[in-house]
Amino acid sequence: MVSSKNDSSSSKGNMGKMNIDYNRKIIDMDECTDEELLLDACPYAMIIASVDGFITLSLNDAAAKIFKKSKKELIGDTLMPLIELTAAERRRQVIHRLIDQKKPYLLEDYERGIWWRTFFQPIQNEQGKVTKIAVVIHNISAEKKREQQQIEKNEEFWTRLIEYSNNAFLILDKNGIIRYASESVKSLVGYAPRKLIGDAVYTYIYDADIKKAKDFFSFIQTGKSTSTLSHRVVDKDGIIKYIQTTANNLLDNPIIQGIIVTSRDVTKTYHAEVKTKEMKQYLENIINSTSDIIFSLDDKQKVTIWNKRIAQITGYTSKSMTGKNLFSISLILKIDSFKEYIETCYKRTTRSYDVKIQTKHGDYRLLRLQGSMVRSEDGEIKGVVFTGKDITSDAQIHGHLVSGLSYLILDEHRSKAVDLMKGLLLNGYNGLMITRDYSNDTFADSSKMMSVSVYSFSQKMNISSNESTVISDPSTLIQLLIDFFSDHEQSIALIDRLDFLIALHGFRTVMQTIYQISSIASNYNGIVLVRLNPSVVSSTELAILGEELERLPDQNVDHITIDKKLFDILRFVDEQNRSKSLVSYKHVSKTFSITKVTTAKRMAALAKKNLITIKKRGRLKTIYITDKGKRLLQRRNVL
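Heads up, the sequence shown is in numbering that gives the first Met the number 0, so the first residue is 0 and it goes up one at a time.
Just so you know, the hints here were simulated from the structure itself, not pulled from any lab data.
Note that this is a predicted model, so its numbers are computed, not measured.
A few of these clues could be false.
[Said to hold, decoys possible] Dumping the calculated DSS-like pairs for lysine-lysine here, alpha-carbon to alpha-carbon at most 27 Å:
(1) K318 / K346
(2) K194 / K210
(3) K333 / K359
(4) K144 / K128
[Stated by the list, open to error] What follows is a set of in silico ranges between Cβ atoms, one per label pair, in the way DEER data are often shown:
(5) R577 / D377: 42 to 50 Å
(6) N324 / P253: 56 to 64 Å
(7) D562 / E283: 16 to 24 Å
(8) R91 / K68: 35 to 43 Å
(9) N324 / S450: 50 to 58 Å
Heads up, the beta-carbon is just placed ideally off N, CA and C, and yes, glycines get one too.
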């Protein structure tokens, strides 16, 4: 193939100096006395020729060698007969262009098995007329051979790359007919590439995706932009595969004249993404089905998880909270304290935290949270996930408590009593707690928002802390209560583990102390809570305590009576709960040989009296006895 290039520069040549002087417009060869020596020293063929007839005026040895004649024979003769006709005609056209345009010209052509690069430089006289032409000829066959070898190597490289690539390459015409298909297309559709040539590409696309594919290729033809389509194909065996296709419009390209299509099989990736989405949805369902609070924050305090339960409590939906900074809304009342708790979670310190919130609707709630640090695979801290419960109902019992009265809390564990006290503390009460089971973190999480003093029940011989914080006998307890209530107007005192004093001093002495405590609460208009495990005292002693101390509103079971059938179910639920076994409706139906409808009615009757709670675990309903139900079993108040 012959190519030519027109050099737009207006340079001129000075052959006598072996350099082309592009600034001079007129070259007088007579000034160069050493012209012949200089021309012969040049490795390129150099000729000075006249415009008329292309008569040789001067040339060097390299030029004479090309034409296989001596310089003497060539000077004054025309070179045209020595050149092929087609090449001679091209040179005549170049000469005419030089005369007209007076600009240098570069020509590359193929003559007699050799590639030549010829540079033509017009030489003008003082009047600007082209009178001579300087010609430099160079054999570039070796250079062209290297270029051709590189082209062939590149073509082989790209051909092999296309043929052995996992991606399938197609060339389509404007109607979607396949003109070319690479070998790798067989791995997608199961057919040899030659079988596809002449078929419409839509033949192999899944029926439901054909319209989408046609719209896609129509869009591609409207411009030259590259676009991507996700679709399905049906292979030779009828297997549906998920494909990602990229197309580029080269219909206007004179060489390609088609649409270049690159497709790759993403079936495994698609199924992996589906499984991931399903697992994510499954986990979201679990998170949203639980009755517990679950939410998480990233390291910027932005919400990443906000489950259905926390949404119900706060009034803020998951959609409105996800991605939002938790502290950008008026939810947490003690923000600084909560931020400090987050910092402890980063240090892997796991403990519960009671936080007071104001819901979207203006209500106040008390949440008990447990925070855990979240790390990435490389150990980077990503945030904190919180789980917890709404303990407002437990804490809000204080709304039914009357100042000046003392209350008896019958419970195996002190958590309910502590929650009740915290509810009062969060509402401005001053607190005093005396307990045998005191641990330093009992109120540590709420110390920033609560005013509370904690003392320990202990025998003096075993005192391990400051003596001023230890209570060892009833008289010391009485004096502590008097001092506390006299110094604080709105106050509550919790006496936990009354059994400790009973064991050391006997029930009679402790009852005398209880009478004094009731008087102190009444005189100072304070509230006293006394927590006792009902199983450590007799029913007679329990009755005596109940005569002097009030029962909490939700612990009073004196007015409750139930049918023996309900009582038996309640006892069965209690036994199963104690053994850590799940109790379902089906379990109850089978045990008591009753229908599903009867089971549902009896469960509803027990739940209505707040003797059981029913929790959903997916489709399964599980039953748990309440503290109230446990106390009813102890009293055996049966018709």
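Quick check: which numbered hints come out false for this structure? 1, 4, 7, 8 and 9
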